[in-house]
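S.K.: As a plain string of letters, each chain reads:
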Amino acid sequence: MTTGKELVLKALEDLGVRYVFGYTGGAIMPIFDEMERRKCFTFIMARHEQGAAFMAQGISRASQSTADPQIGVCMATSGPGAMNLVTAVADAMMDSVPLLAVTGQVATGVIATDAFQESDVVGVMMPLTKQTYMPLAADRIEETLHEAIYVAMTGRGGPVLVDIPKDVQTQAVSDGYRFDPSAFQPELPGFYYSPAPEREAVRRAVALINQSERPIVLCGHGVVSRSAGEDLRIFAEKARIPIGFTLHGLSALPVDHPLSLGMVGMHGTVEANRALLHADLILSLGMRFDDRVTGKLETFAPNAKVIHVEIDPSEIDKNVSTMVALNADVGEVLRLLARDPQITSQPRRAWFESIEAFRRETAAEVEEEIAAGVGREGRLLMKYIVRRLSEVTAGKDIIVSDVGQHQMILARFYNFQTPNSWFTSGGAGTMGCALPMAVGVKLARPGERVWAVMGDGGFQMNLQELGTVMEYQIDIKIVLLNNGYLGMVRQWQTLFYDGRYAGTPLKSPDFGLIAQAYGIPYRRVTDTDEVGEALRQAVDHPGAFMLELRCDPSEIVLPMVPAGGGIADMIVSKKQIGESK
Amino acid sequence: MSSNGQPKRRAILAFVLNRSGVLNKISMLIRRKMYNVETLTVCATLQPGISRLTLTLREANDAKALQVVKQLEKMTEVISARELDIDQSFWREVAIVKFEGDNNLLAALDQRFPMEILDRRERGLCVAQIAGTSKRIDDFIAAIGKEKVVEVARSGFTAMEM
Ligand SMILES: Cc1ncc(C[n+]2csc(CCOP(=O)(O)OP(=O)(O)O)c2C)c(N)n1
Ligand SMILES: [Mg+2]
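Keeping their order, the protein sequence lines are chains A and Y. Take 1 as the starting number for the first sequence in the numbering used here and just add one per residue. Take 582 as the starting number for the second sequence in the numbering used here and just add one per residue.
Calculated directly from the structure, the hints in this document are not laboratory data. Here the structure is a predicted model, which is why all the values come from computation and not from measurement. Incorrect hints may appear among the rest.
[Claimed, not checked] Restricting the straight-line Cα-Cα distance to at most 35 Å, the calculated cross-link-like pairs of lysine-lysine (DSBU-like) are:
1. 296/A to 574/A
2. 507/A to 574/A
3. 589/Y to 318/A
4. 606/Y to 296/A
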């Protein structure tokens with residue numbers, strides 16, 4: 001007799017899942033046991049459930065642009081196991097990453113009795129996911145998983161949770177149970193998804209684009225996940241529109257393209273942010289006007305009309321009012337725009353001249369810093385390291401970043417060349433994401449080189465996953481930018497809290513010994529001369545390699561739009577903040 | 582886009598799949614997004630498995646009200662949601678009122694209001710039911726007099742467009 005646990009695995013198999021990341025425990029044991037018997041996919045044991053969920057995210061994020069998009073799957077036991085997933089599931093929600101979390105639950109007979117390791121997982125996950133499920137009979141399992149994955153991957157991506165009581169896992173299906181995966185259609189009458197844009201709206205958008213004198217494209221995550229960077233390039237070159245990128249829009253197309261302005265927002269480039277301020281038209285593509293992008297809304301892009309292309313209708317007119325709303329798949333819209341003969345090519349000479357002036361504003365100061373390579377305390381500058389990394393990799397390698405100063409500096413200075421090659425926690429900004437996420441990314445794209453770049457703070461939030469790297473021989477290059485501080489918070493303390501460093505200095509262990517304990521070759525770098533060579537050593541080493549670079553705590557990520565301020569309040573130069581601090 | 586002044590009272594009507602957790606999700610949404618919801622009622626529809634949900638709230642800003650609709654529609658269980666045109670819709674509630682009333686009061690109320698006495702005990706304790714607009718119910722309670730009212734149960738609004 002077929003049982004629930006078998007159907008869990010059959011459904012995942014039918015849905016093309018290849019990796020499952022997880023951690024066992026009482027309430028999920030039946031499914032794990034069945035997995036061991038079937039050996040239908042590769043099981044990767046993380047060292048903490050949060051790690052498993054970030055690894056699963058890595059699969060989804062990295063494969064979405066490939067011919068074979070996969071959904072990342074993580075599994076955990078009830079109670080504490082499920083609770084350890086929460087942070088990474090919330091993170092997936094904020095970053096629109098498809099993810100399936102399967103958790104074991106205590107048996108139906110004891111649910112609601114505060115049984116051992118019982119938590120209300122569905123209740124906790126409900127506001128953090130696209131949908132939650134608890135199948136209460138083996139007969140419901142297959143349809144539940146098929147619907148769950150459909151919901152996770154359709155339209156704007158996001159996480160879903162399936163919580164399966166232990167007795168349902170072992171229950172036999174009823175006589176005559178039948179399920180045809182190829183014929184299955186979820187019954188969701190209200191869950192609509194409109195990939196095709198309305199012609200009339202496209203026509204109005206094109207008219208606005210043709211009329212505009214100072215247009216800018218805001219390229220968001222949607223362009224990357226729909227692999228629409230090439231169409232964006234064709235369209236933008238034809239219409240002659242400069243492009244600013246959101247954090248997750250980076251790597252949609254080469255960031256050194258002549259029309260590229262780099263990243264916009266709180267730590268965006270001078271040129272991207274100034275262009276936003278002066279623009280008369282914003283064409284925003286697959287993005288959601290996050291506050292890290294807009295700064296104070298009242299003063300955001302005061303002169304611009306807005307065309308908003310977005311798959312999630314609830315994002316349209318949420319933060320910024322639009323002139324033309326295109327609730328559609330951004331990939332489809334760009335396919336149309338790239339080929340629309342109505343788009344006229346305009347020189348927009350004055351606009352590009354202003355942009356060149358914005359570019360020059362701080363370029364010399366930045367180049368001077370990079371040439372020096374070290375900061376006030378004589379230690380390495382992260383921007384110097386990232387410049388060298390761009391050279392060593394030619395900008396082609398995949399970068400997985402943690403959260404902090406190093407993340408913003410990568411976003412600003414890494415020379416992204418490969419589509420969908422930049423993965424980080426954006427919406428949630430979850431420290432500790434990078435090491436486990438890089439594991440998933442490497443498994444999804446085994447033919448590419450993957451760098452996991454982290455701060456000393458974030459690395460220590462999930463460093464147990466070195467165990468996973470070791471056990472499964474995951475070939476990732478780990479770059480630890482150690483500045484002895486929770487650098488990004490320190491930066492705010494420098495700028496806004498009179499330099500009182502509350503809770504930001506941290507003592508770290510000997511990272512060389514830690515790497516050694518996990519059998520991972522390691523090198524510490526303190527001198528500018530060594531950086532390029534050390535990076536190349538990591539490249540040349542077959543297998544995981546760890547570099548620790550000693551960084552200068554005084555480095556400040558600029559430009560910076562102060563929290564609560566508008567883009568016009570952007571601090572662009574070190575001279576504005578007084579070098580004395 | 583936003584109108585100024587007194588937050589406008591609005592009714593949003595939604596049809597939802599009658600699945601476990603839907604109401605939970607909607608109330609979580611209300612809390613999470615800090616919507617100023619006043620009443621929320623749910624009932625079955627003629628179509629099995631589908632419930633009708635009426636939500637009233639105070640919101641001055643049209644765009645914010647539209648956000649509520651969009652956030653509701655985002656849920657996989659919500660089939661459709663929209664704001665009702667206030668001039669083209671009926672909003673009604675039911676109230677059950679327990680109060681101390683003598684014959685004179687009851688006669689006077691009966692003259693003015695389409696109420697129904699559900700029960701009456703010695704010492705003049707009455708339970709009456711009245712349905713109508715919220716104004717009618719307010720007036721009814723005022724006509725009884727605050728000092729005589731013991732308990733009021735109001736259903737919250739249900740609404741329908743013409
Ligand atoms: C889980 C979590 N806790 C706290 C924060 C707040 N936070 C943001 S950046 C940061 C500092 C990160 O320090 P580190 O990892 O050393 O990177 P650096 O900024 O020094 O490059 C902190 C504490 C966060 N983003 N995530
Ligand atoms: Mg640090």
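S.K.: Decide, hint by hint, whether the structure agrees.
M.R.: Now for the hints, and whether the structure bears them out:
no., hint, in the structure
1, 296/A to 574/A, "22 Å, holds"
2, 507/A to 574/A, "28 Å, holds"
3, 589/Y to 318/A, "19 Å, holds"
4, 606/Y to 296/A, "30 Å, holds"
Going down the numbered hints, you'll see the structure goes against none, and every one checks out.
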